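> This is what each chain is made of:
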Amino acid sequence: MKFGVVLFPGSNCDQDAYYAISKNLGCETTMLWHKDTSIPSDIEAIILPGGFSYGDYLRCGAIARFSPIMQEVAAFAKKGKYVMGICNGFQILTDSGMLPGALLPNMSMKFVCKDVYLKVENNSTRFTSQFAQNDIIRVPIAHGEGNYFVDTDTLHSLEDSNQIVFRYCDMFGEITSDANPNGSINNIAGIINKERNILGMMPHPERCCDSVLGNDDGLAVFESLANVFHQL
Amino acid sequence: MEQYTAIVDVMLRKSILDVQGKTVEHALHSTGFKAIEQLHIGKHFKMTVTAASKDEAFSIVESATKQLLCNQIMEDYSIQILSGNA
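Chains as they are written, first to last, in the numbering used here: chain U, 1 to 232; chain E, 1 to 86.
These are calculated hints, taken from the structure and not from any lab test.
Wrong hints could be hidden among the right ones.
[Said to hold, decoys possible] Restraint ranges, calculated between C-beta atoms of paired labels, are given here:
no. : chain 1 : residue 1 : chain 2 : residue 2 : range
1   : U       : M171      : E       : M47       : 29 to 35 angstroms
2   : U       : S38       : E       : S30       : 54 to 60 angstroms
3   : U       : S38       : E       : Q38       : 18 to 24 angstroms
4   : U       : S108      : E       : S83       : 41 to 47 angstroms
5   : E       : S83       : U       : N162      : 51 to 57 angstroms
6   : U       : S108      : E       : Q72       : 44 to 50 angstroms
7   : E       : T31       : U       : E195      : 35 to 41 angstroms
[Said to hold, decoys possible] Mimicking BS3-like on lysine-lysine, the simulated pairs with C-alpha atoms at most 25 angstroms apart in a straight line are:
no. : chain 1 : residue 1 : chain 2 : residue 2
8   : U       : K78       : E       : K43
9   : U       : K2        : U       : K78
10  : E       : K43       : U       : K110
11  : U       : K78       : U       : K35
12  : U       : K110      : E       : K22
This one's a predicted model, so the numbers in the text were calculated from it and none came from an experiment.
For each residue, glycine too, the CB sits at the ideal point set by N, CA and C.
Chain U on its own, in the form it takes in the complex:
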């Protein structure tokens, strides 16, 4: 019943994730170093945090996948254990092929740092079970390359198999182009793999888990995962 948070050179949301899970959620959490060649056997879920791993050199997330820990994370996920990539973590998951698609530069060509509204499109995942279906939550984003792109066939397959977990919306839950902060196809903010154990999302739930920050909408993501463990 333990979480692991991977620290790459250039990660900058690792402590936010560590704090949200260990303090706000109250689950045991271990930091994992990018050069680690094994994952402690009691870890059940791994967070790939936000940041600029390896300076975003070449492409966001491109170099991180060759770090020793990512071979272990891929094997960990193959066993059906839970992996969640937030922001740069999502970019690492797509670039390594663990999730479909790619994250392009924002359509505005600007780094966008603000709160956005998300619609929970699928609450039957292990990452979202503590939300109600179609819940509207407010979560911060902070990225320059979060414009989710995927080819048409894969997009249809994602939609058909209910793999879109979060979509950008306005405060009333309407999925509009004005509410889309980066040009993501079909307002996609977060997706899950077919096997339902790998989630990637550009918004930062770990940054809104503490009521002292004025918003704890993100905590339910981690509560959902913790709830899985309680059921085991």
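Dock chain E against the given chain U, drawing on the hints supplied.
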């Protein structure tokens, strides 16, 4: 074994809007370069490769390109192999 120079160009796929290229194109237009159009920005890699033949050099570089230099979901690549250390 011979040394070859390899040039790899990686560009966004044509079906994907190159917002960076568009922005630079607009900047050029507003500077008066009206004759310039269809500007695209990509990545240019230059490296030396030691291989037994030009074909082998190509296959090494192509494999490296597919594995790391190019994300084929969003990018296309072209490879040129030149004789010698250019």
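> Against each hint, give a clear statement of whether it holds in the structure.
Now for the hints, and whether the structure bears them out:
Taken as a hint, the range 29 to 35 angstroms is violated for the pair U:M171 and E:M47, whose Cβ atoms sit roughly 51 angstroms apart. For U:S38 and E:S30, the hinted distance range of 54 to 60 angstroms is satisfied, since their beta carbons lie about 56 angstroms from each other. Between U:S38 and E:Q38, the C-beta spacing of about 50 angstroms breaks the proposed range 18 to 24 angstroms. Under the hint 41 to 47 angstroms, the C-beta atoms of U:S108 and E:S83, about 45 angstroms apart, fit the expected range.
A hinted range of 51 to 57 angstroms holds for the C-beta pair E:S83 and U:N162, which are about 54 angstroms apart. For U:S108 paired with E:Q72, a C-beta distance near 26 angstroms fails the hint of 44 to 50 angstroms. For the hinted restraint 35 to 41 angstroms between E:T31 and U:E195, the CB-CB distance of approximately 52 angstroms leaves it violated. Between U:K78 and E:K43 the alpha-carbon distance is near 33 angstroms, which puts this suggested pair outside the 25 angstroms criterion.
The straight-line distance between the Cα atoms of U:K2 and U:K78 is roughly 18 angstroms, inside the 25 angstroms bound, and the hint therefore holds. Straight-line distance between C-alpha atoms of E:K43 and U:K110 comes to about 20 angstroms, which keeps the hinted pair within the 25 angstroms bound. The suggested pairing of U:K78 with U:K35 holds, with an alpha-carbon distance near 20 angstroms, which does not exceed 25 angstroms. Under the criterion of a C-alpha separation no larger than 25 angstroms, the hint pairing U:K110 with E:K22 is consistent with the structure, at around 14 angstroms.
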